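With chain A fixed as given, assemble chain B with the ligands onto it according to the hints.
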Amino acid sequence: MPDGSMSGRIGQSPVRVDGRAKVTGAAHYASDMAVPNPAWAWLVTSAIARGRIAAIDEAAARAVPGVLDILTHRSMRGEVGDAGFFAGGGYAGSTIRPLQDDRVRHDGEIVAIVLAEGLEQAREAAYRLRIDYAEETPAAGFGSEGAELVSAREASGGSFEDPGVGDADAAFAGAAIRVAADYATPTQHHNPIELFTTTAQWEDGRLTVFEGSQYVHGLKNGLAAQLGLDPAMVRVESPYIGGAFGSRGSLTQRTALIAVAARRLNRPVKLVATRDQGFTIASYRAETRQHVKLGADTDGRLVALVHEGTEVTSRPDPYKVAGTQTTSRIYACPNIRTRVSLLHADRNTPGFMRSPPELPYMFALESAMDELAHAAGLDPIELRRRNDTMREPIKGLPWTSRSLMPCFDRGAAAFGWAERNPAPRSMREGDWLVGWGCATTIYPTHLGAATARVTLTPDGRARVQTAAHEIGTGTYTVVAQAAAEGLGLPLGKVLVEMGDSDLPPAPVSGGSNVTASVCTVVMQACEQIRARLAAAATEGPLQGRDPATLRLLDGALRAPDGAAEPLAAAMARAANGAIEVYAENIPEGLPPDSLKKLYQGKQALGGGLEGKQHVMAAFGAEFVEVRVHSRTAELRVPRILGAFAAGRIVNPRTARSQLMGGLIWGIGSALHEATEIDRRTARYVNDNIAEYLIPVNADVPQVEVLFVEEEERTANPLGIKGLGELGNVGTNAAIANAVFHATGKRVRELPIRIESVL
Amino acid sequence: MTPPNRDLGRRGLLGAGAATAALPLPSGPTQAAVPPQQRPDMTLTLRINGKAHPLTLAPRVTLLDALREHLALIGAKKGCDQGQCGACTVLIDGHRVLSCLTLAATAEGREITTIEGLAGPDGALHPMQQAFLEQDAFQCGYCTPGQILSAIGCVREGHAERPEDIREYMSGNLCRCAAYPNIVAAIEQAKPRMERA
Ligand code: FES
Ligand code: FES
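Those protein sequences? They're chains A and B, same order as listed. Under the UniProt record's numbering, the letters of the first sequence match residues 1 to 758, in that order. Under the UniProt record's numbering, the letters of the second sequence match residues 1 to 197, in that order.
Isolated chain A (complex conformation) (with noise of 0.2 Å):
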């Protein structure tokens, strides 16, 4: 549990509250929970992308001493129902449901779940099981025959709305300047060094799952669904997560299947699955096809925009980002055009994946940005300066604060952008021909209704109480800071609890909202007992203080004047030993029913770009140096900088780390990080953290975080945008951008290695 005793209010840099638990190896992840005399499970999944299973052959695996037993379609009694898809209102990631008949709908889905004494025995039963399968020829993804091309209106039902404006082919054909270029991204899997695994457990009726999750809310809800329990009868621990990224927000298959498989054995059972499965039994980036046109006035005004893009996605499940609601917001420009489309095909369902919708299309646009500089003749900052806005072009709706520009000027200077000769190819050291390169990043500003208990007690010690997640943002951090601040106690005096289903909701990890969501929450509850505590002091040293005028610091109550209490006496006069509160927060613009929708786990943010009174987003510029070898073309990111404007900082520390994170996944993004399919059998093929490469320190000399002062006052109470998915959308272009400004050679499809540039 989270501990530590320096000062930390909010603003401050304390070292994480869970620091030393981390250190030391005491911090609990999942897999680490110990459960009583576990069974073993392991997963078998499908060698194949398309097809039904046409035999299985359990009786080498039966015969492997310490085999408990073997779930398939064949023994599986339709013990999981449907829990429905998360965007339509549900709460699973797929609506493939694996074991409930004999068809395969992609590679790697889960075919058979051996149970074993020990994970030795249940991992060599799993290779001993053999399965024949009716292979049917799958259709991978672009180019493939069979795929199914639908509109993300159509399969919206209608819901979802193509931003646009004006007329914008028509003011793109008679444009002074104009771009048009197809942009590609490929597949990526968020690959958490913590591996999926689940551990059940049964006792009287009621299901204890431990995993790592981004919303136990959200999981218990949806598994108390599938499961047909009363959601009381679930409760969900995660207080510690490996890495998530978008990867443990929804609903997964295995849970219930390891929840069934418990029930069966009546004995905990426990489940690690391996790092290729993990490929294939959770979500994914999915692979885009982009087409974007640029039209400007001689000055480099934008008159027309255009973004296209098309999405790879399972044959069930609509799932899309859309980044065309961002990309079609952030310049000025009178008329635009977007449309997305979603490409069906034999894959498992892609999900969210650090800043979806953000990070390919972005992508796409800052190029074509880029590329629309270089044809105006301007500099690449320039043309941002020229159609930077405090109003987005769809609705004309305000930015609640923006500070792109800002951003640049800080960024382009602390990194020597005026040093930099704008001819590609002009810029050499040696064998290395070094390219500079920039563009804008953006996240937007998301909220979520959010509840909290706080608990006071006489001694001078506080407990926070709400069921968020720590997935490496520092949330325990930073929620004891707004303790701390709101109740003014040391931060070595407030604990916080979370990951826990139990205590009282918390939206989603995800969407960068969980910052401004909880702390506002928290900061409630805060008042709520200072209020209480202020109320009672009507004698005692505050005696004719206005109560509404008396703040908690430093371990009293006072007044303005300097009159005092300490607060256990303070605490004396209101209560009888410990003052406890709940507080719920709906922010402003969200709907009345999302503090129920929290209750129920569903997903349901608000904020960001979809606002009706105004738009909020965290904004940045973000500066690269390539080298690109003139004989081998090896490519090297020597620096990065990133400058970046997200409102209040709660903790700059952790928030550096946050974006410098971001900044590295950028790069990873940009240079390495491909999942390959094999188009004829639609599976993956690099399928490891060997060969679908990430970033690894060597990688990654200079990494450079500035923040950039922002108020801003309309967000939420506290003045906070969320930032941990801000760092890596601008990355990839300011890399591809960079590419081209030292050897020439434009690049529109990631990842960018040395092929791309010979």
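Take these hints with a grain of salt, some might be off.
Unchecked claim - Ranges between beta-carbon positions, derived for each pair:
(1) B:195 / A:430: 44 to 54 Å
(2) A:159 / B:193: 52 to 62 Å
(3) B:159 / A:422: 36 to 46 Å
(4) B:123 / A:528: 50 to 60 Å
As the list claims (entries may be wrong) - If we take Cβ atoms under 7 Å as the criterion, some of the chain B residues that face chain A in the derived model are:
(5) 71
(6) 74
(7) 79
(8) 85
(9) 109
(10) 133
(11) 139
(12) 140
(13) 143
(14) 176
(15) 177
(16) 180
(17) 181
(18) 185
Note that these hints are calculated values from the structure, not bench results. No experiment lies behind these values; they were computed from the predicted model shown. Don't be surprised by glycine CBs; every beta carbon is placed ideally from N, CA and C.
Just chain B with the ligands now, with coordinates in the frame of chain A:
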């Protein structure tokens, strides 16, 4: 660079022939004929963090699974189980080793150090742990035990003289949260303190 794995590979026990014969398995004429997975459990004693732990294990159990599933030493993490991520790194006789590629049986008679064994009896953190904490050299913390043990090994090997060396010799430990620059800073902070200690 992957941390050196020396001769403690899985192949030692699961492979055929000569390598198997050298290991402390129950001996007997039938051994060659019995597939490794069906060999009876063996008893062994592992010395971990200065304490002896008697164990009865199947010969194919890895050191990582022995630590986590048989001894409740969950600080060592499983991130791939195939030598690709470094999350399972422990020290054996002071050298960094991937415990997922090491059979528990081959670690008998050696001194094993896990993350649980680094802090002093009074709870004082090892200089490397302290530096990771102060430099915010982690986010989710899952790779962290492996990073810290690998970092200690890196310093002891003399591979922490320059930041370029640290980056190279720490590249066998993946961090998906990408705390890399802070990890380098932590090692630079801890190195002189380790050398003084
Ligand atoms: S778990 Fe051992 S290297 Fe990944
Ligand atoms: S801290 Fe999350 S993987 Fe390294």
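For the hint 36 to 46 Å, verify it against the beta carbon of residue 159 (chain B) and that of residue 422 (chain A).
holds (41 Å)
The hint names residue 71 (chain B) as touching chain A; please verify it with the least Cβ-Cβ distance against 7 Å.
Because about 12 Å separates residue 71 (chain B) from the closest Cβ in chain A, which is outside the 7 Å limit, the hint is violated.
Mind checking the CB of residue 85 (chain B) against every CB in chain A and telling me if the closest is under 7 Å?
holds (6 Å)
Taking 50 to 60 Å as the stated bounds, is the beta-carbon spacing between residue 123 (chain B) and residue 528 (chain A) within them?
violated (36 Å)
Hint residue 176 (chain B) vs chain A: min CB-CB distance below 7 Å?
Residue 176 (chain B) check passes; min Cβ-Cβ to chain A is 5 Å, inside 7 Å.
Take a look at whether the Cβ-Cβ distance between residue 195 (chain B) and residue 430 (chain A) falls inside 44 to 54 Å.
violated (36 Å)
Measuring from the C-beta of residue 74 (chain B) to each C-beta in chain A, is the shortest one below 7 Å?
With a minimum Cβ separation of about 4 Å from chain A (threshold 7 Å), the hint on residue 74 (chain B) holds.
Would you settle whether the hint for residue 133 (chain B) is holds or violated, based on the nearest Cβ-Cβ distance to chain A being less than 7 Å?
holds (4 Å)
Check the following: the C-beta atoms of residue 159 (chain A) and residue 193 (chain B) are separated by a distance inside 52 to 62 Å.
holds (59 Å)
Does the closest beta carbon of chain A sit nearer than 7 Å to the beta carbon of residue 181 (chain B)?
holds (5 Å)
Interface hint check: residue 140 (chain B), Cβ to nearest Cβ on chain A, cutoff 7 Å. Holds or violated?
holds (3 Å)
Is the hint on residue 109 (chain B) kept, meaning its closest Cβ partner in chain A is under 7 Å away?
violated (23 Å)
In summary, the numbered hints that this structure violates are 1, 4, 5, 9, 18.
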